[in-house]
Amino acid sequence: MKRFLFSYLLVISLSACIYSQSFDGTYYGVYDDGEIGGDAIIKIEYGKILICIENDQYSGQTIKVEKEYELVDFGPFMKLRLAVRDWLFLIWGKGFFISDTKGYYTFFSKAPQTRTTVIDNTWIISSTSYLREGETDYNAARLMRVTGLPWTSGNGHGIGDRLIIDIGGVDLPMLIVNGFVSLNNPKLYFENARLKTMRISSKKTRKSKVVTIGDNASFQKIEIRDIIEIGSPDEQLFLDVIDVYQGNKYNNLCIKTIIPDFSSK
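Residue 85 is where the sequence shown starts when you use our numbering, and the numbers rise one by one after that.
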């Protein structure tokens, strides 16, 4: 897992939380800010957060520290505003995800035994089209990242486009993040089209199902074991775009991330 640099934290206004959800509670994950780091327990309570690390990788000591932050609601996602930096904050079914969008990120889970590290290079994703702007390709390989630019259809609204996923025997549920998610330019989410409905089909079993995706930038979970040949090393999934949420400025369909649900491993 990439290291998550976290320079400052805390004082949150939970009244403006996305989906009117409170994040008070205890979370577990890997924390590292360059000064303290290790397996951490994060406690959010009464607008404050406490970071507890039993065996700090820098000092070898037990660390407990409280810091300040602010959570800003942008609608489809939130921004965690720290003293000198802003971080992308996304809802994950088992907790939350934070990223500076420059390569540093972490997941925190409500369950202590849940895996919170992404499984790298397990699925291979290609597409029937993708957008190219100058020297920038918005290709399907971008879908396997939780940071960076999205995949963008080269077919405008993308209806009829197909994503092909070689799952390589990794038959875990799918996590998908919809839209163009930009920390520095949040309006790009609604300016571009987002996935609304798709058909997921199995190459091996020929089974399929139609799935509707919510119009938000949370990590949405989709089960695939009900249609695939479980354990098959050459199984493929076909994701066919049926309908989209229209962008209010551009036609381009954007999807941020598609990865296996590492927490199910």
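Keep in mind that a hint or two might mislead.
Claimed, not checked - Dumping the calculated BS3-like pairs for lysine-lysine here, alpha-carbon to alpha-carbon at most 30 Å:
id, residue 1, residue 2
1, Lys151, Lys194
2, Lys349, Lys305
3, Lys163, Lys132
4, Lys163, Lys127
Hints were generated in silico from the structure; no laboratory data involved.
Each hint, compared with the structure:
At roughly 20 Å between alpha-carbon atoms, Lys151 and Lys194 fall within 30 Å of each other, so this suggested pair holds. Taking the CA atoms of Lys349 and Lys305, the gap is about 14 Å. The hint holds against a cut of 30 Å. As the CA atoms of Lys163 and Lys132 are separated by approximately 16 Å, the hinted pair is consistent with the 30 Å bound. Restraint check: the Cα-Cα separation between Lys163 and Lys127 comes to about 19 Å, which is no more than 30 Å; the hinted pair holds.
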